[in-house]
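Residue numbers for the sequence shown, in our numbering: 1 to 146.
Be careful, since some hints might not be right.
[Unchecked claim] Derived PhoX-like pairs: lysine-lysine, alpha-carbon spacing no greater than 25 Å straight-line:
id: 1; residue 1: 111; residue 2: 100
id: 2; residue 1: 145; residue 2: 80
id: 3; residue 1: 119; residue 2: 140
id: 4; residue 1: 80; residue 2: 111
id: 5; residue 1: 127; residue 2: 40
id: 6; residue 1: 111; residue 2: 40
id: 7; residue 1: 94; residue 2: 80
[As the list claims (entries may be wrong)] Here are the in silico distance ranges between beta carbons for each label pair:
id: 8; residue 1: 33; residue 2: 104; range: 14 to 24 Å
id: 9; residue 1: 101; residue 2: 44; range: 23 to 33 Å
id: 10; residue 1: 96; residue 2: 135; range: 31 to 41 Å
id: 11; residue 1: 130; residue 2: 31; range: 16 to 26 Å
id: 12; residue 1: 134; residue 2: 15; range: 41 to 51 Å
id: 13; residue 1: 13; residue 2: 136; range: 27 to 37 Å
Because the hints were derived from the structure by calculation, they are not lab data.
The beta carbon of each residue, even a glycine, is placed where N, CA and C say it ideally should be.
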Amino acid sequence: MADDKNKSTSFLPNFDVQKLFGDLKLPAAPDLDAVLAAHKRNLEALTEANRVALEGAQAVARRHMEILQSTMSGLTGTLKELSGTDTPAGRAAKQAELLKQAYENAVANTKELGDLIQKSNAEAMNKLNARVSEAMTEVKALFDKK
Numbered sequence: 001m002a003d004d005k006n007k008s009t010s011f012l013p014n015f016d017v018q019k020l021f022g023d024l025k026l027p028a029a030p031d032l033d034a035v036l037a038a039h040k041r042n043l044e045a046l047t048e049a050n051r052v053a054l055e056g057a058q059a060v061a062r063r064h065m066e067i068l069q070s071t072m073s074g075l076t077g078t079l080k081e082l083s084g085t086d087t088p089a090g091r092a093a094k095q096a097e098l099l100k101q102a103y104e105n106a107v108a109n110t111k112e113l114g115d116l117i118q119k120s121n122a123e124a125m126n127k128l129n130a131r132v133s134e135a136m137t138e139v140k141a142l143f144d145k146k
């Protein structure tokens, strides 16, 4: 048994664990308060971007509802106009004009809604991009301190 004890301790006779860990150059732990403050700013930026996106979605929904209401009231007027035309040729001409107008309105409304969505998305992304840029500057500053 005594030989077994000597064998297990003589496996690496010159190995010093303290020296091994002492020679390692480990980075210093980051400032916990700075990390928590950065996370708080990240959450605030995300919350702000979500608020902007939600407001944009609400604006699109409101405008879409206005367009639907306008279309419905325009449809009533269109039906009255069509019923007031007596000749078949007059009706056909009026229908063609109304169809052209309806198409132009649909294209304009679709473009308007698309622009609203794009503006809202761009504003939300700008908020997030600004925070990411700030975060990268903060990380660089943390490493420059060391």
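Exercise for the section: Given the hint of 31 to 41 Å, check if residue 96 and residue 135 actually sit that far apart at their C-beta atoms. Expected result: At 58 Å between Cβs, range violated.
Exercise for the section: Just tell me: holds or violated, for the beta carbon distance of residue 134 and residue 15 against 41 to 51 Å? Expected result: holds, 47 Å
Problem - Straight-line alpha-carbon gap residue 145 to residue 80, limit 25 Å - result: violated, 77 Å
Practice task
Please work out if residue 111 and residue 40 have their alpha carbons no farther apart than 25 Å.
Solution key: Given pair residue 111, residue 40 is violated - Cα atoms ~38 Å apart, limit 25 Å.
Practice task
Check the following: the C-beta atoms of residue 130 and residue 31 are separated by a distance inside 16 to 26 Å.
Solution key: Once the Cβ atoms are compared, 23 Å apart, the range 16 to 26 Å for residue 31 and residue 130 holds.
Practice task
Given the hint that residue 94 pairs with residue 80, test it: the Cα-Cα distance must not exceed 25 Å.
Solution key: This hinted pair holds, its Cα atoms lying about 11 Å apart.
Problem - Whether the CB-CB distance between residue 13 and residue 136 falls inside 27 to 37 Å - result: violated, 49 Å
Exercise for the section: For residue 101 and residue 44, compare the CB-CB distance with the range 23 to 33 Å and indicate the outcome. Expected result: Given a distance of about 48 Å, which is not inside 23 to 33 Å, the answer is violated.
Exercise for the section: Sort out whether residue 111 lies within 25 Å of residue 80, counting only the CA atoms. Expected result: Given that 25 Å is the threshold and the Cα spacing comes to 28 Å, the pair is violated.
Handout entry: C-beta pair residue 33, residue 104: status relative to the range 14 to 24 Å that was hinted
Key = At 60 Å between Cβs, range violated.
Problem - Proposed proximity, residue 40 with residue 127 (alpha carbon, max 25 Å) - result: The given pair, whose Cα atoms are some 15 Å apart, holds under the 25 Å limit.
Exercise for the section: Measure nothing beyond the straight line between the CA atoms of residue 119 and residue 140; if it is 25 Å or shorter, mark the hint as holding. Expected result: Distance ~32 Å between residue 119 and residue 140 Cα, so the pair is violated.
Against the hints set out earlier in the document, violations occur for numbers 2, 3, 4, 6, 8, 9, 10 and 13.
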